[in-house]
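Participant: Sequence order for the protein chains is A and B. Per my numbering, the first sequence starts with residue 1, numbered consecutively. Per my numbering, the second sequence starts with residue 1001, numbered consecutively.
In short, the hints are calculated from the structure, not lab data. Because the structure is a prediction, the values reported are computed rather than measured. Any given hint might turn out to be false.
Said to hold, decoys possible - As a list, the in silico PhoX-like pairs of lysine-lysine whose alpha-carbon atoms are at most 25 Å apart:
(1) A/Lys129 x B/Lys1241
(2) A/Lys144 x B/Lys1037
(3) B/Lys1038 x A/Lys119
(4) A/Lys144 x B/Lys1241
(5) B/Lys1162 x A/Lys119
(6) A/Lys57 x B/Lys1094
(7) B/Lys1162 x B/Lys1179
(8) B/Lys1060 x B/Lys1094
(9) A/Lys119 x A/Lys129
(10) B/Lys1241 x B/Lys1216
(11) B/Lys1180 x B/Lys1241
(12) B/Lys1162 x B/Lys1180
(13) B/Lys1162 x B/Lys1038
Unchecked claim - Among chain B residues calculated to face chain A with C-beta under 10 Å, some are:
(14) Ser1040
(15) Ala1163
(16) Gly1164
All C-beta atoms in this analysis are idealised placements derived from N, C-alpha and C, irrespective of residue type, glycine included.
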Amino acid sequence: MSVIAIIDYGVGNIFSLMCSFSRIGQEVQLTGDPDVIAAADRVVLPGVGAFGDAADKLRETGLDQVVLEQARSGKPLVGICLGMQLLFERSLEFGEHQGLGLIPGTVAPLSSVIPAGLKIPQIGWNALKFPKDRPKDPIFRYVKEGDHVYFVHSFCGTECDRDVIAVTEYGADVTAAVARGNVYGLQFHPEKSGEIGLNILRAFCEM
Amino acid sequence: MITKRIIPCLDVKDGRVVKGVNYKGLADVSSPVDLAKKYSDGGADELVFYDITASAEGRKLFTDILTEAASTVFIPLCVGGGISTAADFERVLKCGADKVSVNSGAIANPDLIPEAAELYGSQCVVLSVDVSLVDGTYRVLSRGGRDNTGMEALSWIERCVKAGAGEVVVNSMDTDGVKKGFDIPLLQEVVSRVNVPVIASGGAGSIQDFVDLFQKVPEIDAGLAASIFHFGEVDIRDLKKELAAAGVNVRL
Chain A
1 MSVIAIIDYG
11 VGNIFSLMCS
21 FSRIGQEVQL
31 TGDPDVIAAA
41 DRVVLPGVGA
51 FGDAADKLRE
61 TGLDQVVLEQ
71 ARSGKPLVGI
81 CLGMQLLFER
91 SLEFGEHQGL
101 GLIPGTVAPL
111 SSVIPAGLKI
121 PQIGWNALKF
131 PKDRPKDPIF
141 RYVKEGDHVY
151 FVHSFCGTEC
161 DRDVIAVTEY
171 GADVTAAVAR
181 GNVYGLQFHP
191 EKSGEIGLNI
201 LRAFCEM
Chain B
1001 MITKRIIPCL
1011 DVKDGRVVKG
1021 VNYKGLADVS
1031 SPVDLAKKYS
1041 DGGADELVFY
1051 DITASAEGRK
1061 LFTDILTEAA
1071 STVFIPLCVG
1081 GGISTAADFE
1091 RVLKCGADKV
1101 SVNSGAIANP
1111 DLIPEAAELY
1121 GSQCVVLSVD
1131 VSLVDGTYRV
1141 LSRGGRDNTG
1151 MEALSWIERC
1161 VKAGAGEVVV
1171 NSMDTDGVKK
1181 GFDIPLLQEV
1191 VSRVNVPVIA
1201 SGGAGSIQDF
1211 VDLFQKVPEI
1221 DAGLAASIFH
1231 FGEVDIRDLK
1241 KELAAAGVNV
1251 RL
């Protein structure tokens, strides 16, 4: 049976993420051990909180290099929420911070993307929209346009149009998911998005 | 566009869900985990688990139940009741809570909200406030509505949001348990003052009460209720269909 490694770099609450993989019958390990990560079939980069702190922790633990190696190896890798934002080149959250650079683009405040007056953070269930100019990505094979997923975020991916595989409408189109080859990023929380979310994780596990 | 949320609230005591009229005369309803599963399958957008246990063993039982619920349902879980320190946040977040609501704890300790927001992020910190209109002024009540703190409610809410609360649950003690509808005037005041999600609580008795809520106060993000869901008086699927038919954007 295939194994998923969730990268443990001391950031965030991964209890629900672990449970959701178990629910779909997927063996999962929370680990910061480079050998265990290298031996896994798929890799998940989780994260909540502030970009700068998380990026620092990833570097301090040396796990940034491990993630980059795994991405280069062609293994399916997904960043979730802040984990997705860490895949970008840079973030403008409280100053400018360097990300992993796996997805070209910049993480910018939602307020720079959406009209004034809307509540920030975006908290709640919003619908997925797929770009018309490209085929639906396989990670969404079990979901359809208009299905709702759960968002909690104040920043979002920008200047990444080439790699966007889903957006959500919050006053403007906001990046909901990106993919570049084997590297995926989900802004929303699949582990908190009911059956739809589990189906997205299921599709990831089949890659 | 983001959808309006429907949130059942489960008051948990000694491992069971309870709900009394005006919080007095508690009546056992069901198993928290079974009910959570039922609501999640039935279209609830989020669940609130409210710990109304006083004893240490009750608290342990509560976190066990929370852990089981979080490994059974995959929608956001907010936990409240007995949260007075950052350590209390840690305790429930570890068991699968996504958000933590503070009420009396924030009144007793003004540093609790900023401290928790710094540690866990504002999105995780929910202010829950029990409000009653006393001699023409909205006041904050504490201890489950038994004591009038004398604090003016609207400025209290504003202060807490500035201090880092990322969401506000407004529970009107004047409409709670009465089942004649939400406290529209109070909610209109609150949404005009803060720009974070506001959750209406207290007074829902029928589907029409939710339709009125979202139509009269379009800035409201969510409606919370307990007994009408627990006793099957309102089915969440039916409620959401009716809301959609009335032009309210919901997740079906």
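Participant: Would you mind marking each hint as holding or not holding in the structure?
Facilitator: Evaluation of the provided hints:
1. A/Lys129 x B/Lys1241: 22 Å, holds
2. A/Lys144 x B/Lys1037: 24 Å, holds
3. B/Lys1038 x A/Lys119: The given pair, whose Cα atoms are some 30 Å apart, is violated under the 25 Å limit.
4. A/Lys144 x B/Lys1241: Answer holds: lysine 144 of chain A to lysine 1241 of chain B is near 20 Å, not above 25 Å.
5. B/Lys1162 x A/Lys119: 14 Å, holds
6. A/Lys57 x B/Lys1094: Status holds; Cα separation ~20 Å.
7. B/Lys1162 x B/Lys1179: Measuring from Cα to Cα gives roughly 32 Å; hence the hint is violated.
8. B/Lys1060 x B/Lys1094: The hint holds at about 13 Å.
9. A/Lys119 x A/Lys129: Given pair lysine 119 of chain A, lysine 129 of chain A holds - Cα atoms ~21 Å apart, limit 25 Å.
10. B/Lys1241 x B/Lys1216: 18 Å, holds
11. B/Lys1180 x B/Lys1241: 21 Å, holds
12. B/Lys1162 x B/Lys1180: Not OK: lysine 1162 of chain B and lysine 1180 of chain B at ~32 Å, beyond 25 Å, violated.
13. B/Lys1162 x B/Lys1038: 36 Å, violated
14. Ser1040: Hint on serine 1040 of chain B: holds, closest Cβ of chain A at ~7 Å, below 10 Å.
15. Ala1163: Violated: closest Cβ of chain A sits about 16 Å from alanine 1163 of chain B, beyond 10 Å.
16. Gly1164: 12 Å, violated
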